[in-house]
Every structure is written in structure tokens, then in C-alpha cells.
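Hey, can you work out the whole structure from these sequences and the hints?
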Amino acid sequence: MEHKSGEGIVVFGATSAVAQALARLHAAAGDSLLLVGRNEQRLQDLVNDLGVRSGQDVQSLQADLAHIDGHPDLVNTINERMDNVSKYYFFHGILPDQQHCERSWAATFDVLNTNFLSIASLLTLIANRVSEESNRSLVIVSSVAGDRGRQSNYVYGTSKGALNTFLEGLRNRLHKHGCHVMTVKPGFIDTPMTAAFSKQNFMWATPEKVASDIYKAANKRKDQLYTPWFWRYIMFVIRHLPEPIFKRLDL
Amino acid sequence: MGKYRSWGYSPAQDQAAVRPGWRDFSLESIEGSLLPYGNGRSYGDSCLNSAGRVIDCRQLNRFIAFDREQGILRCEAGVSFEAILEVIVPAGWFLPVTPGTKFVTVGGAIANDIHGKNHHRDGTIGRHVRNFELLRSDGQKLLCSPESNPEFFSATIGGLGLTGCISWAEMQLIPISSSTVDVETSVFHGLDEFYELSAAAHEDYQYTIAWLDCVAEGDRFARGIFMKANHSAGGGIHPAKKSSLPLSVPINFPKWALNKYSVKAFNTCYFYSQKRHAGTNTRQQFDPFFYPLDGIENWNRIYGKDGFFQYQFIVPGSEKLVMDELLRQIVSSGLGSFLAVLKEFGAKKSPGMLSFPRPGICLALDLANRGTRTLRVLDELDQLVMKAGGIVYPAKDNRMSGGAFRAYYPQYEAFSRYIDPRFSSDFWKRVTNGT
Ligand SMILES: Cc1cc2nc3c(=O)[nH]c(=O)nc-3n(C[C@H](O)[C@H](O)[C@H](O)COP(=O)(O)OP(=O)(O)OC[C@H]3O[C@@H](n4cnc5c(N)ncnc54)[C@H](O)[C@@H]3O)c2cc1C
Ligand SMILES: NC(=O)c1ccc[n+]([C@@H]2O[C@H](COP(=O)([O-])OP(=O)(O)OC[C@H]3O[C@@H](n4cnc5c(N)ncnc54)[C@H](OP(=O)(O)O)[C@@H]3O)[C@@H](O)[C@H]2O)c1
Chain Z
44 MEHKSGEGIV VFGATSAVAQ ALARLHAAAG DSLLLVGRNE QRLQDLVNDL
94 GVRSGQDVQS LQADLAHIDG HPDLVNTINE RMDNVSKYYF FHGILPDQQH
144 CERSWAATFD VLNTNFLSIA SLLTLIANRV SEESNRSLVI VSSVAGDRGR
194 QSNYVYGTSK GALNTFLEGL RNRLHKHGCH VMTVKPGFID TPMTAAFSKQ
244 NFMWATPEKV ASDIYKAANK RKDQLYTPWF WRYIMFVIRH LPEPIFKRLD
294 L
Chain P
70 MGKYRSWGYS PAQDQAAVRP GWRDFSLESI EGSLLPYGNG RSYGDSCLNS
120 AGRVIDCRQL NRFIAFDREQ GILRCEAGVS FEAILEVIVP AGWFLPVTPG
170 TKFVTVGGAI ANDIHGKNHH RDGTIGRHVR NFELLRSDGQ KLLCSPESNP
220 EFFSATIGGL GLTGCISWAE MQLIPISSST VDVETSVFHG LDEFYELSAA
270 AHEDYQYTIA WLDCVAEGDR FARGIFMKAN HSAGGGIHPA KKSSLPLSVP
320 INFPKWALNK YSVKAFNTCY FYSQKRHAGT NTRQQFDPFF YPLDGIENWN
370 RIYGKDGFFQ YQFIVPGSEK LVMDELLRQI VSSGLGSFLA VLKEFGAKKS
420 PGMLSFPRPG ICLALDLANR GTRTLRVLDE LDQLVMKAGG IVYPAKDNRM
470 SGGAFRAYYP QYEAFSRYID PRFSSDFWKR VTNGT
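Those sequence lines, one after another, are chains Z and P.
One gets my numbering by counting positions in the first sequence from 1 and adding 43 to each.
One gets my numbering by counting positions in the second sequence from 1 and adding 69 to each.
Some hints here could point you the wrong way.
[As the list claims (entries may be wrong)] In silico SDA-like links for lysine to any residue, alpha-carbon gap of 20 Å or less: (1) K242/Z / A85/P; (2) K344/P / E286/P; (3) K72/P / P250/Z; (4) K242/Z / R127/P; (5) K72/P / T249/Z.
[As the list claims (entries may be wrong)] Covered stretches of chain P, as calculated for chain Z (at least 3 residues, CB under 8 Å): (6) 90 to 99; (7) 132 to 145.
[As the list claims (entries may be wrong)] Facing chain P, according to a computed beta carbon distance under 10 Å, are these residues of chain Z, among others: (8) A60; (9) A72; (10) N82; (11) L93; (12) G94; (13) V95; (14) G98; (15) K242; (16) P285.
Read the hints as simulated data drawn from the structure, not as lab findings.
The beta-carbon is built from N, C-alpha and C at its ideal position, and this holds for glycine as well.
Below, the structure written as C-alpha cells:
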């Protein structure tokens with residue numbers, strides 16, 4: 044489907060590096076943006092920036108998305124602020140220290156809550172609305188880490204894997220209503236989330252590259268996107284390694 | 070850690086770096102010595118800090134406010150001139166001063182107090198900066214303008230990134246009624262003809278610039294092409310061209326590719342191709358006029374992996390004999406290259422304490438790196454520039470001696486008072502410690 048200028052766009056986790064790059068693409072296309080995030084000052088920085096770039100008003104809403112009890116009010120406010128949303132994007136997420144999670148259920152729960160439960164909760168509220176209006180897109184940023192559990196980050200991987208399964212079901216359910224659900228599986232992206240990693244190899248993508256892939260795939264209404272493209276092949280191999288071998292690997 | 074380079078060094082160096090994502094960051098928690106890094110379009114070592122860290126400002130790339138009526142733009146320090154043009158040109162505004170590439174950041178432009186083809190009329194960028202915020206390593210945030218913290222305002226403009234990190238800045242743009250420029254081209258033979266053309270154009274043309282053949286000898290000595298231009302009065306506004314970067318130099322050229330013959334051939338071809346336009350008046354989009362090299366990504370790779378030197382100096386207008394001598398030495402060294410740019414600077418004074426631009430004749434040229442031979446030639450040129458009371462541009466420098474720097478910039482001691490105690494650069498170490 045062609046991108047029509049002037050669409051209503053809602054971005055959860057709008058202060059994420061990838062979300063910022065994506066929002067600029069929508070601003071350049073003349074779309075109306077509503078940004079949701081937890082840091083008021085940073086949201087204001089983005090509102091100003093996108094406003095100058097697009098020459099249009101950009102809206103924001105401050106909310107800690109881990110507070111699931113607040114979701115019904117949040118979604119109501121969004122509905123009041125923007126009556127014609129064509130795409131909802133979900134970018135928020137946290138990458139924990141795996142070893143810390145192994146010692147702390149609280150830390151493990153935080154990851155599952157932010158990366159999976161909060162999105163499942165928002166989608167539950169939003170899906171009932173969009174199923175009444177066709178042509179809507181729900182674009183959710185998961186990760187290649189959700190394709191198979193590995194000792195080095197299986198808590199994060201689980202949160203994304205659970206999300207993938209939820210999205211498969213939701214896509215199946217909403218398809219007949221003409222509503223599009225897209226699972227985005229990025230590989231390594233050079234963002235604040237991965238600030239501590241050494242980034243000297245070719246596998247690292249820029250947030251701009253990933254955002255541009257997401258933007259295009261969402262317009263084409265793809266079900267699933269590996270970005271950059273080569274991750275699709277890497278993950279194909281990883282998913283197909285027999286478990287008796289996989290469990291012995293140091294991954 | 071990351072790979073950082075300046076424009077003249079071809080290979081990127083490992084350099085420890087921090088990359089603030091938002092302008093509310095603080096320098097207090099970062100260890101070691103610091104230096105802001107813009108987009109590495111400086112040629113030498115003034116944007117590198119190998120013993121410490123660079124503060125990579127490129128994620129501070131947000132606009133803050135744009136007054137479309139008054140033409141006042143406020144943005145973060147890492148916003149590029151390219152991004153600014155995309156926003157302001159469609160609204161009927163233009164950069165008050167721009168260098169020969171749009172891939173510079175606002176912070177980098179202020180720290181070198183950059184000049185453009187309109188220096189004779191409008192002075193440096195510093196004259197058009199209304200105010201900015203300076204982050205100091207002790208956690209202070211100084212709002213700097215001619216009224217507020219005026220000493221830091223003036224030390225930071227042209228201050229080579231040493232006074233602290235600019236987080237945002239506000240500048241006054243100039244109005245345009247068209248995105249094209251009207252360019253008139255003429256040929257000159259010899260510097261005297263250049264001076265005449267330039268003097269005659271200063272009154273009525275906002276932009277003047279000349280390309281000079283730095284290899285031709287004999288009766289072709291100091292031949293060149295002079296261009297004068299104004300923003301067109303009509304012609305409509307077309308959005309800034311997105312840099313699609315159609316051309317790129319994918320590898321470093323081998324050493325032999327750049328030799329006396331290829332350079333001579335290039336210069337001759339260029340001279341004759343431009344000569345065809347002589348006396349004509351052409352209307353062109355602003356992009357190819359202001360940024361002729363930006364269409365070729367990594368053009369610096371034609372100089373091979375040894376990189377190259379750029380030398381840019383100004384000598385006072387009264388020192389025409391020295392200018393002549395300088396050019397003769399450059400030609401006879403055989404090291405001159407394609408890109409030599411000549412311009413007469415004007416008298417508009419910059420607010421910057423350590424700024425390079427001043428009235429006089431300015432020449433910028435690339436010299437292939439032939440090791441000690443190139444360095445010797447450059448030292449000899451420095452002697453002449455110094456004798457004439459001239460000055461060399463730190464943004465392009467990779468080699469000037471400490472003695473030469475201190476002779477060019479005697480105010481450096483007064484400036485030193487405003488340096489942030491935790492800031493330093495490879496350039497600064499070299500010119501303040503070396504002989
Ligand atoms: C093709 C080409 C043409 C050019 N033409 C011209 C010209 O016509 N006129 C001219 O004047 N120059 C010219 N230059 C030089 C260029 O404009 C300057 O070197 C400019 O400062 C580069 O900006 P940058 O953002 O890449 O900064 P960098 O080169 O990365 O850094 C330059 C300086 O700015 C400091 N700095 C960077 N960001 C900040 C910040 N946020 N706060 C404080 N300090 C900071 C750095 O510490 C460093 O000292 C040209 C360069 C090229 C490659
Ligand atoms: N970077 C990678 O290599 C990589 C790889 C695969 C997938 N991903 C996924 O890509 C998405 C975007 O991440 P990124 O790489 O762009 O990193 P990022 O810049 O760190 O973005 C993560 C964002 O999530 C927000 N967030 C976290 N918890 C939140 C909460 N409780 N409420 C509201 N917002 C919250 C953060 O907000 P604050 O700004 O307020 O902190 C931040 O903006 C994430 O889902 C991540 O899992 C990243």
C-alpha cells in the first residue's frame with residue numbers, strides 16, 4: 044500500500060534512537076505524530092525538532108509504559124487526541140544484564156513486564172478498537188534474540204519470543220478485519236541500549252538504516268521484517284541447529 | 070572506542086569517545102581529557118584528542134526553534150548545515166555564512182569561526198551567532214552572547230573546541246527570494262588581474278571566489294578563474310537537494326595516480342572547461358555553487374592512504390609581493406594540486422578572540438603528502454607568511470610549529486584563560502608545547 048501523506052501516527056517509546064529516526068521519516072512525509080514516552084524533557088526536545096522539520100504541530104504524552112494500570116487511561120487519552128490513527132509503533136524496551144537477572148526475579152520480571160506484558164496490554168486495548176476500522180497497522184519492535192534462547196541473554200530473548208508468539212496470534216485474529224500486524228526483528232543496532240558493546244564489526248546497523256527498513260516494510264504491510272536483511276539467513280541457521288548440538292554451544 | 074578521523078588523514082584512528090544522545094548530558098562523570106568532535110571536516114588534528122576522549126556531538130542533531138518570520142534558528146550543536154538547508158531554504162532563508170562543504174556541524178562551524186565566499190561582505194559565522202550554551206566540565210552551563218558571559222562568547226567563537234562543549238546555538242539567517250544563484254565567470258592571468266576583478270566585484274556581489282592554477286609556470290603563471298555571484302532575485306524556491314551521493318571514491322588511490330602530469334592535465338582541463346563560461350552569466354542551484362565537492366563522497370581518498378596537507382593562509386592586502394613570492398615557491402615545489410582557492414577577505418571584524426579570518430588575500434591549497442619534502446616546503450612558506458604579518462588557518466593544519474602558531478596568534482595566552490581545564494586537543498598540545 045502506498046504511503047498517504049497526512050496519516051496519524053502514534054509512537055510508543057518515542058525517545059528510542061530508532062523511533063527518533065523513524066519519526067523524522069514520518070515528519071518528512073507530512074504525517075501527524077503523537078509521541079509517547081516516559082521522559083518529559085526528551086519528548087519536548089523531539090516535539091520541537093519534528094515540529095521545525097515538518098512545519099506541523101507534533102503532540103506528546105508522558106507515560107511510564109511499565110505501569111500497566113495506567114494503560115486504559117492512556118489509550119483513552121490517545122483516542123481523544125487523535126481520531127484517525129493509521130499506524131501504531133511500539134519501540135520501548137530494555138536490555139538487562141543477564142547475569143543480574145539470573146540472581147534476581149525482580150529484574151527478570153521488569154524485563155518481561157516492559158518488553159512483553161506492557162505491549163500485550165496496550166495491544167489488547169488497541170486491537171479491539173482497530174478491528175472496527177480496517178487498514179490500520181500495528182508495528183512492534185521485537186528482536187532476533189527472540190528467535191532462540193541463548194545462555195547469554197535468554198531473559199531478554201524470552202520477553203521478545205513471547206511477544207513474537209502473541210503477535211502471530213494477533214495477526215491471525217486481525218487479518219480478516221484488514222488490520223496489519225508487523226513483527227520487526229532487528230539484529231545489532233548502534234543505539235544507547237548497546238552503548239557498552241564494542242562495535243567494531245560489520246554486523247552493527249545504524250538506527251537510520253533500521254528505521255528506514257521499518258518505514259518501507261510497514262508501508263508494504265509485511266508480516267515480519269528482519270533488519271538488516273542478512274539476519275534472516277543467520278537466524279534461519281540458528282533456528283535450525285538441532286537442540287542436542289545447540290545446547291553445547293557457548294552462545 | 071570508535072574510529073575517528075579528520076579530513077586530511079585518510080585512515081581513521083582509534084579514538085576513545087563518548088556520544089551524548091541528549092543535550093542535558095553532563096561532562097562531570099566522564100573521565101580523562103575531553104574535546105568536542107563535530108563531523109571531522111577539519112583537515113588536521115584540531116578535532117582529535119588521542120590521549121583522551123572526544124565528545125561526538127552528532128547525536129545532538131535536533132532543531133529547537135525556527136522563527137520563520139524573523140529568520141532566527143536555534144538548534145543543537147550537532148545539526149549539520151545540510152539538515153539546516155533542508156529546513157530553511159523552502160522557507161526562504163539561507164545560511165549567513167557557509168564553508169565549501171555542507172557536511173559540517175553548527176558546533177564545528179562556530180569553533181573554527183568559519184568563513185565563506187561572502188567574507189568581504191558579511192564576515193565570519195561568529196558575527197551571525199546570537200547566542201549559545203556552553204557546557205563546562207565542572208557542570209556549569211553558560212549562556213553566552215555579546216551581553217551574557219561575553220568573554221566566553223568571544224573565546225568560544227574560533228576557540229577550537231577548547232573552551233567547553235557547545236550544546237545548542239542560535240543564529241540569524243539571511244533572506245533569499247530564490248534557491249538559485251546568478252554566477253558570472255571570468256578568466257585572469259596573473260595576480261594583478263585577480264586583484265582588479267576582485268576589487269571591482271566587492272561592492273555589488275555577495276559572493277566572490279577564484280580558482281587558481283598552482284602548477285602552471287611561465288606565461289601561464291597564476292592563471293585562474295574568477296567567479297562572482299548573488300542570490301537570484303527570481304527563479305523560485307526549490308527544496309534543498311537531498312545528498313543522494315551518486316559518486317563515491319571507494320578506495321584510496323595508489324600513490325602514483327597523483328603525479329605532476331596528472332595534476333597538470335587536470336588543471337589545464339579545468340581551466341579550459343571553465344574558460345568557456347567566461348563572460349557569461351549562468352543561473353544555477355545553490356548546491357553546486359557552494360558545495361561543488363559534496364557530490365563526491367570521500368573525495369579525499371584520491372590522495373591515497375598517506376593523506377594530504379591543506380595549507381590556508383592570509384597575508385595583508387599590502388603584501389602583494391610576498392603573495393607573489395609565496396605562489397612562486399608553491400609552483401616551483403611541484404607539490405601543488407587541483408584545489409587552490411583564492412579570495413580577498415574583507416574588514417568585517419569577527420567577535421572571535423582566536424579567529425583566523427582578517428582582511429587580506431587568502432589562499433587555500435592541497436599539497437600531496439611527500440613526507441619531509443612537503444613539510445620542508447610548508448615550513449618555508451610559513452617563514453614568508455610570518456614575515457608579511459600573515460596567518461595560517463588551524464582548521465586546515467596538521468604540521469605548523471609551535472613557534473609559528475605563537476607568532477600568528479599572540480593572543481593565545483589571553484585566550485588560554487578561558488580554556489576548560491579538562492579540555493585539550495592534539496593540535497593544542499602540538500602548538501603550545503612544541504618549539
Ligand atoms: C571540502 C571542504 C571545504 C571547506 N571549506 C571551508 C571554507 O570555505 N571555510 C572555512 O572556514 N572552512 C572550510 N572547511 C573547513 C571546515 O568548515 C571546518 O573545519 C569546520 O569546523 C568543520 O566542522 P565539523 O563539524 O566537521 O567539526 P570538526 O572538524 O569535527 O571539529 C572542528 C572543531 O570544532 C570543535 N567542535 C566541534 N563540535 C563542537 C561543539 N559542539 N562545541 C565546541 N566545539 C566543537 C572541535 O573540537 C574542533 O576544534 C572546509 C572543509 C572541507 C572538507
Ligand atoms: N539496539 C539493539 O541492538 C536492538 C536490537 C534488537 C532489538 N532492539 C529493540 O529496539 C527497540 C528500540 O531500542 P533502541 O535500540 O532504540 O534503544 P534505546 O534508544 O535505548 O530505546 C529504548 C527506549 O525504550 C524506552 N523505555 C524503556 N522502558 C520504558 C518504560 N517503562 N516506559 C516508556 N519507555 C520506556 C526508553 O525510554 P527512555 O529514553 O526514557 O530511557 C528508550 O527510549 C527496543 O524494543 C529494543 O529491544 C534493539
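Status of the hints after comparison with the structure:
1. K242/Z / A85/P: Between K242/Z and A85/P the Cα gap is close to 12 Å, so the pair holds against 20 Å.
2. K344/P / E286/P: holds, 18 Å
3. K72/P / P250/Z: holds, 18 Å
4. K242/Z / R127/P: holds, 17 Å
5. K72/P / T249/Z: holds, 15 Å
6. 90 to 99: holds (count 4)
7. 132 to 145: n = 5 at 8 Å, threshold three: holds.
8. A60: Holds, about 7 Å.
9. A72: violated, 14 Å
10. N82: holds, 9 Å
11. L93: Holds, about 9 Å.
12. G94: This interface hint holds because 8 Å falls under the 10 Å limit.
13. V95: At about 4 Å, which falls below the 10 Å cut-off, the nearest Cβ of chain P leaves the hint on V95/Z intact, so it holds.
14. G98: Holds, because the Cβ-Cβ distance from G98/Z to chain P comes to roughly 8 Å (cut-off 10 Å).
15. K242: holds, 7 Å
16. P285: violated, 38 Å
Hint check: violations occur at hints 9, 16; the rest are consistent with the structure.
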